[in-house]
Amino acid sequence: MKPGKPTSPETQSNPPIHSETSSNQALFFKAKSSEALLDDTLQQALKKAQGGFIEKRSQAIADVENFDSYKQQAQLVKNHTLDHLAYYLTQFEENVTKNGGHVHWASTPEQLNNIILHICERRDAKSVTKGKSMISEEANLNAALEAAGIDVTETDLGEYIIQLAKEPPSHIIVPAIHKTRQQVEALFRETHDLGERDLDNIAALVDEARLQLRQKFLDADVGITGANMLIADTGSAMVVTNEGNGDLTATLPKVHIVTASIEKVVPDLESASAILRVLARSATGQPITSYTSLFSGPSGIEDLDGPDEFHVILLDNQRSQMLGSPFEDMLKCIKCGACLNHCPVYSAVGGHAYGWVYPGPMGSVLTPLMTGLKQSSDLPNASTFCGRCEEVCPMGIPLPELLRQLRNKEHEDHLTSWKTRFSLKGFMWGIQHPRVFHWITKTLRMILANSVLTRLLEKHVLTSWYSSKELPKNYSKGTFMEQYQQDSKQKKSKQKKS
Amino acid sequence: MSINLNRFNRVNRKKIFNRIERTKKSAIPQAPKRPPLLHPQFDISALTEIFLSKLSASSSTYQSVDCLSLVPQLVLQYAEKYNTNKTLVTNLDPFLNSDEPPWDWPNALSLSTPPATGNEAIGLSYASTAIAETGSLVLSASKQNPTTVNFLTDHHIIILNEQDIVPNIESMWKRLSLSAGNMPRAINIITGPSRTADIEQTIQLGAHGPRSLHLLLLTQPSPY
Ligand code: SF4
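Chains as they are written, first to last, in the numbering used here: chain A, 1 to 498; chain B, 1 to 224.
For the record, the hints were derived by calculation from the structure and aren't laboratory data. Don't take every hint at face value.
Okay, derived cross-link-like pairs now, EDC-like style, lysine to aspartate or glutamate, Cα gap no bigger than 20 Å in a straight line [to be verified]:
hint	chain 1	residue 1	chain 2	residue 2
1	B	K14	A	D308
2	B	K86	B	D154
3	B	K174	A	E110
4	B	K15	A	E55
5	B	K143	A	E270
6	A	K254	A	E328
7	A	K409	A	D305
8	A	K335	A	E55
9	B	K174	A	E270
10	B	K15	A	E94
11	B	K33	A	E270
12	B	K15	A	E302
13	A	K332	B	E21
14	B	K143	A	D305
15	A	K30	A	D40
16	B	K143	A	E412
17	B	K33	A	E55
18	B	K14	A	D305
19	A	K98	A	E302
20	B	K14	A	E110
21	B	K33	A	D268
22	B	K33	A	D305
23	B	K15	A	D83
Whole structure, please, built from the sequences with the hints as guidance.
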């Protein structure tokens, strides 16, 4: 797009969405997770992260009297809001306008990007700073801005690191969790003009980023942040951070754009408080983050700083389709990341294996719903169904059940492999024919009772599963039915004798 | 300034609402009634104590002050403790009782008025209220408290009247009595200095905002 020439957001063509984190990457979960398991640096980084989050969360929960009641209140709020979503969205829009801001509506991620480009272009923006926003990750906004010749800088330290590394986030709250300190140092040495400076400890790395990003904050023409909640009653966006980057992004540039999805709206500040109470505790194990900020429009005549334009862009991206569907519960997600931190699969393979912006259990549900099940059919199967995600989810989202439903849908849509379908059909037929079923169990038992045959099966037939496992040994006297029949016969003959 | 997105927004808005309304969630013309919510309760007689213990847990420091006139000296001491340059940005002076200036700035401090530019080492603000539940200080953007002072300085000192401590998050909102159309541009609930754990999950203070946060707790009512 040529800068300076106004384009209509409807007609303008954009670079393909997710050019780097292409959604069909989710197709390669199996291959990518195998790679991840063999990547020593990644495993080292994951190991360091593991445990920390789990411990901090459980401490934070132990510190309050009744966390279950906190969860209940938060869930009450979300259930009620989703039941009246249209009302609260309308109220939010009205009140943002009352505060002097603008609300825009985007059905698709492309439309979101187009609206932002349109605003940037109208303000002749050359540089943009960004606070953390998963919505802009959904839209791959950075690529769209760069293609339009706009300099874009992620300001959350984790996001900044992965932007330098040209990688997608691997965690929804700690996007660079997969990077070791040495990797970050190498990235900074490569991209910053460092001279003789030492960067051999974490404090020095953080200071280096602070120095570099400070200037970016001051120079930016437009600031884009996400929102953890939208408050219908006051027309505000609530942004939660620890670094303060969201606040600098929202305060220094002349234009502040908030990107948020439609389900982020809550009725009022009292409702927001209930969600705040579970959000940070579940995410980082803090009672509240360093900064919880409410942005409600452009600065007034009296204000000495702040932007002169305030926009909120509301993205749908399949969410209105989830509403009222069996997957509605997923709209209660507050993106705390607890389900990722507690997932054995995520902890083993990291976030990139999931192929799109949302990893872990919540990603395994969201990615198929947003990018299509066909493109991500491995994801609902990337679960051991251990149930820890549901247990720790502050919003009580039944993640395993939703994954199960996706597996079902996969089967119904004929997306499962012919092998699976064939075996399932065969199994169904088998259990409906007792004679056949008994014959099969009999044969299987005989094989399992014979160690040579078992070894042969493990080594040559069932190789992919049993190369690292052993088949169960069976030293029983027969199948259940055989033993039962034997037993009945004996009893009968005893009765006859007596 | 209105932007030329109106038609685009109208069309999209309609599409999104149609999809929402097609489900069971129909748009109700009148306000739905939100279920009542429980708030955590705290011992009112121990609010200051609870507040200060939570505040300390967030890596902030505090000291009690019984007279505003002591503030300049304490600010100077704080600057010396952190060995920073003695540049201070604040906009509190014009808001103090002019009949009786409560403080004199020592010459050692070099004072500037907001907005903060990023060159000032210390920022001084006033919190209208504080939350015992979380140990947070609440600052509303205003002429008196410009937001940049909270985020662009290296060290942030905040004055709070002890009687402005409220029990929980909800009572703080109530105290601010906010309504659409009359909102401060920004409200910052600040709990400790800026921090990050983005590198190897190691907590590091001073990511983008202040490296330290210090509270001056006024035990006598101030003239604000
Ligand atoms: S699904 Fe639950 S645990 Fe996972 S990110 Fe969402 S709210 Fe948090």
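Contradicted hints - numbers only: Going through the list in order, the structure violates hints 1, 3, 4, 5, 6, 7, 12, 16, 17, 18 and 22 and respects the others.
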